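Novice: Chains as they are written, first to last, in full-length UniProt numbering: chain A, 1 to 293; chain R, 1 to 293.
It cannot be assumed that every hint is accurate.
Given that identical chains are not distinguished, each listed pair holds provided it fits within a single copy or across any two copies.
Below 20 Å or equal to it, Euclidean Cα-Cα: the simulated SDA-like pairs (lysine to any residue) are [unchecked claim]:
| # | residue 1 | residue 2 |
| --- | --- | --- |
| 1 | 111 | 139 |
| 2 | 96 | 43 |
| 3 | 111 | 140 |
| 4 | 174 | 266 |
| 5 | 163 | 1 |
Honestly, the hints are just simulated from the structure, not real lab data. Please read these numbers as outputs of a predicted model, since none were measured by experiment.
The lines below spell out each chain.
Number of protein chains: 2
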Amino acid sequence: MLVIGGSASTKLGKKVSNELDCEFASVEKKTFPDGEIYVRISEKVEGEKALVVQSTCYPPNKNYMELFLLLDALNDLNAEKISAFIPYFGYARQDKRFEPGEAVSFKTVAKLIESAGADEIYVMDIHGEKIESGPKVFQIPAFNLTAAPILSKYVAKNYSLEKPVVLAPDEGAKEWARKAGKSIEADWDFMVKKRHGAKKVEITPRELDVKNRDVIILDDIISTGGTMTEAIKILKENGAKTVFACCTHPVLSDNALEKIKNAGAREVIGTDTIPSEVSKVSVAPVIAESYRQ
Amino acid sequence: MLVIGGSASTKLGKKVSNELDCEFASVEKKTFPDGEIYVRISEKVEGEKALVVQSTCYPPNKNYMELFLLLDALNDLNAEKISAFIPYFGYARQDKRFEPGEAVSFKTVAKLIESAGADEIYVMDIHGEKIESGPKVFQIPAFNLTAAPILSKYVAKNYSLEKPVVLAPDEGAKEWARKAGKSIEADWDFMVKKRHGAKKVEITPRELDVKNRDVIILDDIISTGGTMTEAIKILKENGAKTVFACCTHPVLSDNALEKIKNAGAREVIGTDTIPSEVSKVSVAPVIAESYRQ
Numbered sequence: 001m002l003v004i005g006g007s008a009s010t011k012l013g014k015k016v017s018n019e020l021d022c023e024f025a026s027v028e029k030k031t032f033p034d035g036e037i038y039v040r041i042s043e044k045v046e047g048e049k050a051l052v053v054q055s056t057c058y059p060p061n062k063n064y065m066e067l068f069l070l071l072d073a074l075n076d077l078n079a080e081k082i083s084a085f086i087p088y089f090g091y092a093r094q095d096k097r098f099e100p101g102e103a104v105s106f107k108t109v110a111k112l113i114e115s116a117g118a119d120e121i122y123v124m125d126i127h128g129e130k131i132e133s134g135p136k137v138f139q140i141p142a143f144n145l146t147a148a149p150i151l152s153k154y155v156a157k158n159y160s161l162e163k164p165v166v167l168a169p170d171e172g173a174k175e176w177a178r179k180a181g182k183s184i185e186a187d188w189d190f191m192v193k194k195r196h197g198a199k200k201v202e203i204t205p206r207e208l209d210v211k212n213r214d215v216i217i218l219d220d221i222i223s224t225g226g227t228m229t230e231a232i233k234i235l236k237e238n239g240a241k242t243v244f245a246c247c248t249h250p251v252l253s254d255n256a257l258e259k260i261k262n263a264g265a266r267e268v269i270g271t272d273t274i275p276s277e278v279s280k281v282s283v284a285p286v287i288a289e290s291y292r293q
Numbered sequence: 001m002l003v004i005g006g007s008a009s010t011k012l013g014k015k016v017s018n019e020l021d022c023e024f025a026s027v028e029k030k031t032f033p034d035g036e037i038y039v040r041i042s043e044k045v046e047g048e049k050a051l052v053v054q055s056t057c058y059p060p061n062k063n064y065m066e067l068f069l070l071l072d073a074l075n076d077l078n079a080e081k082i083s084a085f086i087p088y089f090g091y092a093r094q095d096k097r098f099e100p101g102e103a104v105s106f107k108t109v110a111k112l113i114e115s116a117g118a119d120e121i122y123v124m125d126i127h128g129e130k131i132e133s134g135p136k137v138f139q140i141p142a143f144n145l146t147a148a149p150i151l152s153k154y155v156a157k158n159y160s161l162e163k164p165v166v167l168a169p170d171e172g173a174k175e176w177a178r179k180a181g182k183s184i185e186a187d188w189d190f191m192v193k194k195r196h197g198a199k200k201v202e203i204t205p206r207e208l209d210v211k212n213r214d215v216i217i218l219d220d221i222i223s224t225g226g227t228m229t230e231a232i233k234i235l236k237e238n239g240a241k242t243v244f245a246c247c248t249h250p251v252l253s254d255n256a257l258e259k260i261k262n263a264g265a266r267e268v269i270g271t272d273t274i275p276s277e278v279s280k281v282s283v284a285p286v287i288a289e290s291y292r293q
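Throw the hints in and build the complete structure from the sequences for me.
Specialist: Spelled out as structure tokens, the structure:
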């Protein structure tokens with residue numbers, strides 16, 4: 001068994017190989033002046049189980065091409081089984097045709113990953129329905145892992161929380177809040193939009209009162225930080241004591257981090273699916289546990 | 001029938017649709033701040049024959065991803081037949097495993113193009129043996145077209161040539177010189193390395209004397225311009241009157257153009273497989289003629 005780390009996930013790949021107590025294959029990588037990339041796997045892979053770790057975060061097209069080249073090379077080199085772990089899965093946003101004639105890029109890249117040579121695929125915190133329901137996107141076995149419990153555990157371990165509550169910023173993320181809440185034996189809830197009359201819309205926790213409580217907001221992704229900033233402000237207005245802003249994928253475009261801190265977050269915490277300055281929690285144990293089974 | 005032009009080949013795509021006297025589909029294209037791209041084909045494609053024109057020159061990974069998205073979208077939208085015309089084919093360089101463990105990127109991208117949804121593929125002046133010999137790279141019908149005749153015809157039309165000769169700078173390109181020479185009823189030859197004793201290597205035309213003749217040098221690609229510059233110098237030393245530097249794919253990295261002009265080329269001529277300042281010859285009639293058949 002060996003782990004192969006792509007350019008976007010070299011550090012994480014090493015951590016995964018440590019967790020699995022197996023070899024971390026060194027990969028020679030080059031980019032030519034014309035933008036073409038080159039990869040070479042130095043280790044013997046014939047007859048081995050290989051786990052490729054590669055996020056397809058920015059720059060997504062280069063990172064996808066590198067992933068395709070690694071998978072196809074492993075295939076050619078007769079690896080016994082090829083697993084792709086794509087911690088951040090680029091192009092997941094366009095998962096259906098919103099307007100006639102659109103390319104459904106999520107489906108396209110899924111197809112390309114399979115045809116490049118993956119036998120199974122692991123992803124982190126993609127909205128569940130994208131993987132599981134409707135016409136199946138993946139023909140090969142696909143596992144959607146979650147970082148929710150390790151994020152809430154990180155907060156619980158590093159702070160003495162008072163009557164903690166885990167909150168999803170919208171209903172779409174409620175399953176993650178539930179899992180994260182359960183894992184630290186805390187209450188959980190999600191935010192809802194309540195209409196007052198024709199125009200006024202109020203966003204609040206669905207049921208729970210957050211007054212004088214420590215709140216962990218949990219989302220799959222922080223991009224521009226708009227959703228997170230708004231949620232923090234509302235919770236502060238509702239009397240929350242301390243607010244922790246947690247996410248699996250810290251995309252953090254523009255000045256997202258500054259905005260969230262200014263809104264009053266005690267700490268912003270992400271995982272290493274995307275390397276960033278808030279990547280304080282590693283998903284290595286999560287993939288290792290799932291892969292071992 | 002309709003032609004779809006990718007970002008790298010919009011102008012050429014339009015020319016191809018003119019040649020074929022068919023509709024040029026407008027494609028909405030966007031790049032998001034995270035580097036992900038979006039394409040949408042506005043025209044009705046159901047039941048239509050679609051020809052996608054997209055070079056995979058710089059930036060190759062983005063251009064390939066756009067090609068994959070277009071092909072998959074056409075597939076989804078039930079186009080009757082999907083043809084991919086890839087005038088410049090990125091990743092053609094790595095067509096075999098030179099060192100153990102290398103990804104054979106030419107094979108990988110060929111596989112991805114097919115699985116994205118192409119029913120047939122057209123390329124320009126890829127070294128013939130890559131397409132035709134050995135274990136087949138493409139499972140779908142693949143056509144390797146040549147711009148050699150239109151390049152030599154361009155020179156013959158614009159200059160009154162004296163005892164013209166078409167020369168390939170090495171044996172690998174001799175077929176193109178032969179075709180280009182025949183098309184303007186000129187002599188043709190290729191350059192060879194002749195060894196004099198242990199160390200001295202002389203590069204000359206294999207047979208023909210170029211003294212006082214107009215020479216068209218013809219190569220598939222000009223990258224750094226090293227091969228072309230050397231050939232021009234030698235031909236000038238051998239008394240050639242005028243030298244024209246022609247290629248199908250004007251990659252022209254670094255200061256290639258300046259170097260070639262300084263070496264004494266009368267004109268540098270490329271095609272529009274890669275848009276450039278020397279793209280004076282369009283390959284549109286070549287693909288149109290082949291596609292019609």
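Novice: Compare the structure with each hint and give your call.
Specialist: These are the hints, each one checked on the structure:
{"no.": "1", "hint": "111 to 139", "verdict": "both (8 Å within a copy, 17 Å between copies)"}
{"no.": "2", "hint": "96 to 43", "verdict": "between (39 Å within a copy, 19 Å between copies)"}
{"no.": "3", "hint": "111 to 140", "verdict": "both (10 Å within a copy, 18 Å between copies)"}
{"no.": "4", "hint": "174 to 266", "verdict": "neither (22 Å within a copy, 70 Å between copies)"}
{"no.": "5", "hint": "163 to 1", "verdict": "neither (44 Å within a copy, 66 Å between copies)"}
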